[in-house]
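Chemist: These protein sequence lines are chains A and B, in that order.
Counting from 1, one number per residue, gives the positions in the first sequence under this note's numbering.
Counting from 1, one number per residue, gives the positions in the second sequence under this note's numbering.
If you are wondering where the hints come from, they were derived from the structure by calculation, not from laboratory data.
The beta carbon of each residue, even a glycine, is placed where N, CA and C say it ideally should be.
Incorrect hints may appear among the rest.
[Stated by the list, open to error] Partner residues aside, some chain A positions facing chain B, computed with beta carbon under 8 Å:
(1) A5
(2) A12
(3) G16
(4) A31
(5) A33
(6) M48
(7) W52
(8) G180
(9) L185
(10) S207
(11) A213
(12) G215
(13) L229
(14) D262
(15) H263
(16) G322
[What the hints assert, rightly or not] With the Cβ distance kept under 7 Å, some of the chain A side facing chain B (calculated, not the full set):
(17) V6
(18) V50
(19) L212
(20) R232
(21) P321
Number of protein chains: 2
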Amino acid sequence: MARPAVSTRALAVARGDEPADLLIRGGRVLAVATHEWLPTSLAVADGMIVGWGEREAREVVDVDGAALTPGFVDAHVHVESTKLWVDAFAAAVLPVGTTAVAVDPHEIANVLGAAGVRALMRAVQPLPMTFAVYAPSCVPASPFEGAGAELDATDIRALIEVDGAAGVGEVMNFPGVIAGDAEMLARIAAAGSRRVDGHSPEVSGPSLDAYLAAGVESDHEATSAAEALEKRRKGMWVFLREGSASRNIRALAPTIIEHGTDHAAFCADDREPTTLLTDGHVNDCVRIAVEAGIPEIDALVMATTRAAEYHGLWSLGSLAPGYQADILAFDELSSFKPARVWQAGQLVASGGAIVDGAIPAVPPEHLLYGTVTVGRPLAADDLAPAVPDGTRVRAIGVESRSLTTRNRVVTVGSGEDLCFAAVVERHRQTGRIGTGFATGFGLRRGALASTVAHDAHNIVCIGTGGADMAVAIARLEEIGGGQVAVLDGRPLAELALPLAGLMSDRPAAEVAAAQSVLSLVAERELGATVAEPFMQLSFIALSVIPELRLTDGGLVDVDAFRYVDVRV
Amino acid sequence: MARPAVSTRALAVARGDEPADLLIRGGRVLAVATHEWLPTSLAVADGMIVGWGEREAREVVDVDGAALTPGFVDAHVHVESTKLWVDAFAAAVLPVGTTAVAVDPHEIANVLGAAGVRALMRAVQPLPMTFAVYAPSCVPASPFEGAGAELDATDIRALIEVDGAAGVGEVMNFPGVIAGDAEMLARIAAAGSRRVDGHSPEVSGPSLDAYLAAGVESDHEATSAAEALEKRRKGMWVFLREGSASRNIRALAPTIIEHGTDHAAFCADDREPTTLLTDGHVNDCVRIAVEAGIPEIDALVMATTRAAEYHGLWSLGSLAPGYQADILAFDELSSFKPARVWQAGQLVASGGAIVDGAIPAVPPEHLLYGTVTVGRPLAADDLAPAVPDGTRVRAIGVESRSLTTRNRVVTVGSGEDLCFAAVVERHRQTGRIGTGFATGFGLRRGALASTVAHDAHNIVCIGTGGADMAVAIARLEEIGGGQVAVLDGRPLAELALPLAGLMSDRPAAEVAAAQSVLSLVAERELGATVAEPFMQLSFIALSVIPELRLTDGGLVDVDAFRYVDVRV
Numbered sequence: 001m002a003r004p005a006v007s008t009r010a011l012a013v014a015r016g017d018e019p020a021d022l023l024i025r026g027g028r029v030l031a032v033a034t035h036e037w038l039p040t041s042l043a044v045a046d047g048m049i050v051g052w053g054e055r056e057a058r059e060v061v062d063v064d065g066a067a068l069t070p071g072f073v074d075a076h077v078h079v080e081s082t083k084l085w086v087d088a089f090a091a092a093v094l095p096v097g098t099t100a101v102a103v104d105p106h107e108i109a110n111v112l113g114a115a116g117v118r119a120l121m122r123a124v125q126p127l128p129m130t131f132a133v134y135a136p137s138c139v140p141a142s143p144f145e146g147a148g149a150e151l152d153a154t155d156i157r158a159l160i161e162v163d164g165a166a167g168v169g170e171v172m173n174f175p176g177v178i179a180g181d182a183e184m185l186a187r188i189a190a191a192g193s194r195r196v197d198g199h200s201p202e203v204s205g206p207s208l209d210a211y212l213a214a215g216v217e218s219d220h221e222a223t224s225a226a227e228a229l230e231k232r233r234k235g236m237w238v239f240l241r242e243g244s245a246s247r248n249i250r251a252l253a254p255t256i257i258e259h260g261t262d263h264a265a266f267c268a269d270d271r272e273p274t275t276l277l278t279d280g281h282v283n284d285c286v287r288i289a290v291e292a293g294i295p296e297i298d299a300l301v302m303a304t305t306r307a308a309e310y311h312g313l314w315s316l317g318s319l320a321p322g323y324q325a326d327i328l329a330f331d332e333l334s335s336f337k338p339a340r341v342w343q344a345g346q347l348v349a350s351g352g353a354i355v356d357g358a359i360p361a362v363p364p365e366h367l368l369y370g371t372v373t374v375g376r377p378l379a380a381d382d383l384a385p386a387v388p389d390g391t392r393v394r395a396i397g398v399e400s401r402s403l404t405t406r407n408r409v410v411t412v413g414s415g416e417d418l419c420f421a422a423v424v425e426r427h428r429q430t431g432r433i434g435t436g437f438a439t440g441f442g443l444r445r446g447a448l449a450s451t452v453a454h455d456a457h458n459i460v461c462i463g464t465g466g467a468d469m470a471v472a473i474a475r476l477e478e479i480g481g482g483q484v485a486v487l488d489g490r491p492l493a494e495l496a497l498p499l500a501g502l503m504s505d506r507p508a509a510e511v512a513a514a515q516s517v518l519s520l521v522a523e524r525e526l527g528a529t530v531a532e533p534f535m536q537l538s539f540i541a542l543s544v545i546p547e548l549r550l551t552d553g554g555l556v557d558v559d560a561f562r563y564v565d566v567r568v
Numbered sequence: 001m002a003r004p005a006v007s008t009r010a011l012a013v014a015r016g017d018e019p020a021d022l023l024i025r026g027g028r029v030l031a032v033a034t035h036e037w038l039p040t041s042l043a044v045a046d047g048m049i050v051g052w053g054e055r056e057a058r059e060v061v062d063v064d065g066a067a068l069t070p071g072f073v074d075a076h077v078h079v080e081s082t083k084l085w086v087d088a089f090a091a092a093v094l095p096v097g098t099t100a101v102a103v104d105p106h107e108i109a110n111v112l113g114a115a116g117v118r119a120l121m122r123a124v125q126p127l128p129m130t131f132a133v134y135a136p137s138c139v140p141a142s143p144f145e146g147a148g149a150e151l152d153a154t155d156i157r158a159l160i161e162v163d164g165a166a167g168v169g170e171v172m173n174f175p176g177v178i179a180g181d182a183e184m185l186a187r188i189a190a191a192g193s194r195r196v197d198g199h200s201p202e203v204s205g206p207s208l209d210a211y212l213a214a215g216v217e218s219d220h221e222a223t224s225a226a227e228a229l230e231k232r233r234k235g236m237w238v239f240l241r242e243g244s245a246s247r248n249i250r251a252l253a254p255t256i257i258e259h260g261t262d263h264a265a266f267c268a269d270d271r272e273p274t275t276l277l278t279d280g281h282v283n284d285c286v287r288i289a290v291e292a293g294i295p296e297i298d299a300l301v302m303a304t305t306r307a308a309e310y311h312g313l314w315s316l317g318s319l320a321p322g323y324q325a326d327i328l329a330f331d332e333l334s335s336f337k338p339a340r341v342w343q344a345g346q347l348v349a350s351g352g353a354i355v356d357g358a359i360p361a362v363p364p365e366h367l368l369y370g371t372v373t374v375g376r377p378l379a380a381d382d383l384a385p386a387v388p389d390g391t392r393v394r395a396i397g398v399e400s401r402s403l404t405t406r407n408r409v410v411t412v413g414s415g416e417d418l419c420f421a422a423v424v425e426r427h428r429q430t431g432r433i434g435t436g437f438a439t440g441f442g443l444r445r446g447a448l449a450s451t452v453a454h455d456a457h458n459i460v461c462i463g464t465g466g467a468d469m470a471v472a473i474a475r476l477e478e479i480g481g482g483q484v485a486v487l488d489g490r491p492l493a494e495l496a497l498p499l500a501g502l503m504s505d506r507p508a509a510e511v512a513a514a515q516s517v518l519s520l521v522a523e524r525e526l527g528a529t530v531a532e533p534f535m536q537l538s539f540i541a542l543s544v545i546p547e548l549r550l551t552d553g554g555l556v557d558v559d560a561f562r563y564v565d566v567r568v
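Please put together the full structure from these sequences, using the hints given.
Modeler: Here you go:
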């Protein structure tokens, strides 16, 4: 069960012998196991729902016909992708009804290793939100990148058995698992009786069989109903993803409509702060799912009890007696924005805003700061070595709304869109710098740089000249990490991300505003034409996605799985 | 996940790079998560299903259109009630498709305590069947009975944490839990992250709320659809029971038909060997459920993945890659008798019979024998003290097809049906004997005795005179426990149950035959008129069910929860 032990007072409240802490009356309650709305009151004691129906209570709240559901659960999210520290994250998503998240701190682990994961686990403790923190399984993500840390099977086992991690985070190295790589199988075995999350885009047939036989249990990469259906038929849990970039719920809805909600839940995976503030979080998934034809109760079941069930969060996902009092009250169900949110029986949000004092500040530990160190001043030539006009070079080709890059060949000086690109190792002062070219950004002047650079999170930088690139990188080192746009030797806009170079220590609204300004400046002042240039920038180093990538080790042809020369 | 680690060879089979051990082709496979029948082959390696679709294989079995389902799981059974030792039990139920059982060894624990539970856990290890053994929570069942052992919270915790018990067995003392009894709450807390099974007949409203708030998660005592519906709405798992005496599936079917299969499974609870051999086991539950209108796939889902899910048997309940190859092949689905049964990839039964050599003999450990010792010869007067005609006495009134007894007042010598009843302590040679009267058996001569006497399992005996009763009890002591019918100082029929006085060490067919002879003799030679006189006999000492019971401590008015005099 793993539910908290009940107090004798709470039992007395359940029996009706003592007054409840809180009685929520006048609502209709979603019964998740029987798929019904039932008119009843909910009695709460010690943060637990202890009874249905009328009770004496110290506080009575009449919700006037509201729909009452369990708190929403995100089945898989990289909290670092929101660029928010955990208190700001909680403050951003509790008002839209998220009371629990399964977190894979893969990004922080690439910078700070197990120590970073443990810092995150400590930080979430005081928050009024349940964090099921997984042990990242693929750090570093590829042999081409100089990450800040490595996690092997022993580290993963320690995170699970000693620190209480919820399971093994998404096993991105699916080719290794399928091929029977001993280290990957050892990492899966480290889960013991916990869960093993997967990541298997377009893996099907015998390859999928092997991935499943190895013990992987879930996937959030399905992009078509057919792909999701094969996975569910074969027993895999499918998390329907609606991130900032990858938006799959509409495409996957038919598998739920036709085959029900078993082995299905929602996840955000990667959501930018602007998306969180504008569109919401799991409530946005529910809204889109219902628009796509999934019955309302089914969508709510997926957003609550199914996700809780998968992650073994036995005290969450239901409004039944014995469950934690994570309760959402909806005046209407079209936006799925709750009017009120209780977490463990405490009102934490009302009318879309956090209740004063509901979220304690969680000062980030010292070790999270100061992770961006290049170790020496960089010259323009280090970043943008001169190449004669007429040289044919391999350029990373980016396209709007796609994280796949193209392996393009461009002639320098031909007038085709081209800019310099550099990736500078920033974790261990190795001095490693990879240089090359990118096309498709439309950059006409200045430079952009970011310490968010999946998955090793080195400094990635593009520019029309080495001088501004050097200024941009120096500025990021100065502010401890973040994203910056530079023109003529001066930063025009920046977003400081001093926590592991990935996250801000400021509230969500500030972060979202700074991010919007950065995008605007990149487009209007520097001429960038690709959509979301900083998101594109943060992915050009990710050497596990086709076709051409740049790491601190050099230019990588991902399909050939080897380094290649910049010059053709 | 807690699934066994995959071998590199099994992974190679999954990929299609090496031949499978077994390929089952030509069937339609039940996909439990998507509720479909799918035509595909199943490839097996190392006892695991590793792939769907064609593979090379060392052995190919064409099932010619058969329906393939996961092995059946009994969500709650007292294996002692079958009167069979575990090898004979497996031999009886594997041919009808049961490949896993959640066992609450409550009866053996009443006789031998934790040592008996551990002996059972050791005994099941070599069997081709999964036993999830729970730690009995209510031993002894009541303060009125002298049981052979006691289990407190510390014992239960040790059984779970040290010996790997699957959880806390049915918490029968629901009044104690609801009232907040500290020892009962400690026993529930001993579950840690494991399950807590419940037992809450007709408990509803605030009392049910309290029972659930205390952490109890399942129930198998619901007898009406309304009772089951309230329990499922409140998040409780409901096991639809079809035992030998209590048969509830038909009454409960509407809750499944209307609200689906979430939080629902099947259980046998208590099944006699004759019922097992005649009607079957979980397959019988499925057959009755389908007859009662539950859709075929829903009934199969409840019998497989739902029960596995509840009990955390993550490698069971599905035919997907990565799951144990517990596979049933059905030529037809009306009787739900499988034509073939594979367990962990081995063919264990075919055409309703065990495959030669599939089940190893499991010799019962020495400690299971010799548990019936009265300690002194008993005289007729010890068991049937003389009472003058005309005396008005309280008599335990039994009725066919009910385990509730009536608190009857009968005048001795009035011609009304009446016999002597005695319960003799047999565990610790305390010399305690409770005596009284029973009515409704219709016994006209001789005596019946049994060491199966819920829940303390002392010797319970009825007779028309003390002499035959003394012979019956002496005979049971002589054969180490069992059931016997005596007339004129000689046993006419008997069933030896030398294992804890509860189970035979013989095959199911022999046990069932002996039991049938006993019933016949009781009816034809001794005049018994009540249905199943030995089952009635074995329940007249159960001092937790209304209304009047006899224990080794004396006559108990269960409703008043105290001893009462035999004479009014």
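Chemist: The structure should be examined with respect to each hint, and the outcome stated for every one.
Modeler: Status of each hint after checking the structure:
1. A5: holds, 5 Å
2. A12: holds, 7 Å
3. G16: holds, 5 Å
4. A31: holds, 4 Å
5. A33: With a closest approach of 4 Å, the A/A33 hint holds.
6. M48: holds, 6 Å
7. W52: holds, 6 Å
8. G180: Hint holds; A/G180 Cβ to chain B Cβ min 4 Å, cut 8 Å.
9. L185: holds, 7 Å
10. S207: holds, 7 Å
11. A213: holds, 4 Å
12. G215: Because about 5 Å separates A/G215 from the closest Cβ in chain B, which is inside the 8 Å limit, the hint holds.
13. L229: holds, 7 Å
14. D262: Holds: closest Cβ of chain B sits about 4 Å from A/D262, inside 8 Å.
15. H263: holds, 4 Å
16. G322: holds, 4 Å
17. V6: Given a least distance of 5 Å, the restraint on A/V6 holds.
18. V50: holds, 4 Å
19. L212: holds, 4 Å
20. R232: holds, 5 Å
21. P321: holds, 4 Å
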